[in-house]
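Residue numbers (the working numbering), protein chains in the order written: chain V, 1 to 112; chain G, 1001 to 1111.
A couple of the hints might just be wrong.
Calculated from the model, a selection of chain V residues having no Cβ within reach of chain G, i.e. all distances over 10 Å [to be verified]:
1. 13
2. 21
3. 42
4. 54
5. 66
6. 79
7. 83
8. 102
9. 112
Label-pair restraints from in silico Cβ distances [stated by the list, open to error]:
10. 1078(G) to 38(V): 26 to 34 Å
11. 1003(G) to 56(V): 48 to 56 Å
12. 1015(G) to 53(V): 48 to 56 Å
13. 1014(G) to 15(V): 26 to 34 Å
14. 15(V) to 1019(G): 45 to 53 Å
15. 7(V) to 1009(G): 29 to 37 Å
16. 1096(G) to 79(V): 23 to 31 Å
It should be emphasised that the hints constitute simulated quantities derived from the structure, not laboratory data. Glycine included, every Cβ here is placed at the ideal spot set by N, Cα and C.
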Amino acid sequence: GQNIDQPTEMTATEGAIVQINCTYQTSGFNGLFWYQQHAGEAPTFLSYNVLDGLEEKGRFSSFLSRSKGYSYLLLKELQMKDSASYLCAVRDRPSGNTPLVFGKGTRLSVIA
Amino acid sequence: ETGVTQTPRHLVMGMTNKKSLKCEQHLGHNAMYWYKQSAKKPLELMFEEQTENNSVPSRFSPECPNSSHLFLHLHTLQPEDSALYLCASSRGAAGGPNEQFFGPGTRLTVL
């Protein structure tokens, strides 16, 4: 079966760094995605990893280890507006145009 | 209009009603999807365009008349079908992330 695990909730302080972990066991692997979803809004794409290593994009970075079935999303210089749910998702089929398998999401609260 | 749009944004219906959700993408993508998002559950894929999915009850049926439009037809729903229904589209080119772009969703309440 497909299984994607991530913590349910996290709290961090404004200006700090937070790391959100994700582990996955899927029948196939063709890329891992992180999405941000504010309450009542659509998920928006943050990052994509298909090869091992770190991808950096401004204050956000994402890491992948395929051999460990593990990824993390790193958020630096946290801002109040970063309070949202962060969804880890895997594309489990070889074709590039296929749906994603999602984890339950991690609700991040940024406090002053 | 830009991105992915969905109508209606909110829908309240009785168990005997028939209604349809509409999704339109203005991104030139060539694949569209329906996902269901319930409290404390992961986003679940319901349909890729109008491909049959045996894990979804037959009271839901998709229709995809062209690459820009996707419908979800609803009939005789149950209260447990109350959820946020999200539409997504993707570009489908070879290589690259082909990330999915989501619409704002329809918040459905079944009484």
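Hint check results:
no.: 1; hint: 13; result: 26 Å, holds
no.: 2; hint: 21; result: 16 Å, holds
no.: 3; hint: 42; result: 4 Å, violated
no.: 4; hint: 54; result: 16 Å, holds
no.: 5; hint: 66; result: 16 Å, holds
no.: 6; hint: 79; result: 22 Å, holds
no.: 7; hint: 83; result: 18 Å, holds
no.: 8; hint: 102; result: 4 Å, violated
no.: 9; hint: 112; result: 27 Å, holds
no.: 10; hint: 1078(G) to 38(V): 26 to 34 Å; result: 29 Å, holds
no.: 11; hint: 1003(G) to 56(V): 48 to 56 Å; result: 26 Å, violated
no.: 12; hint: 1015(G) to 53(V): 48 to 56 Å; result: 51 Å, holds
no.: 13; hint: 1014(G) to 15(V): 26 to 34 Å; result: 50 Å, violated
no.: 14; hint: 15(V) to 1019(G): 45 to 53 Å; result: 47 Å, holds
no.: 15; hint: 7(V) to 1009(G): 29 to 37 Å; result: 30 Å, holds
no.: 16; hint: 1096(G) to 79(V): 23 to 31 Å; result: 29 Å, holds
Hints 3, 8, 11, 13 from the earlier list are contradicted by this structure; the remaining hints agree with it.
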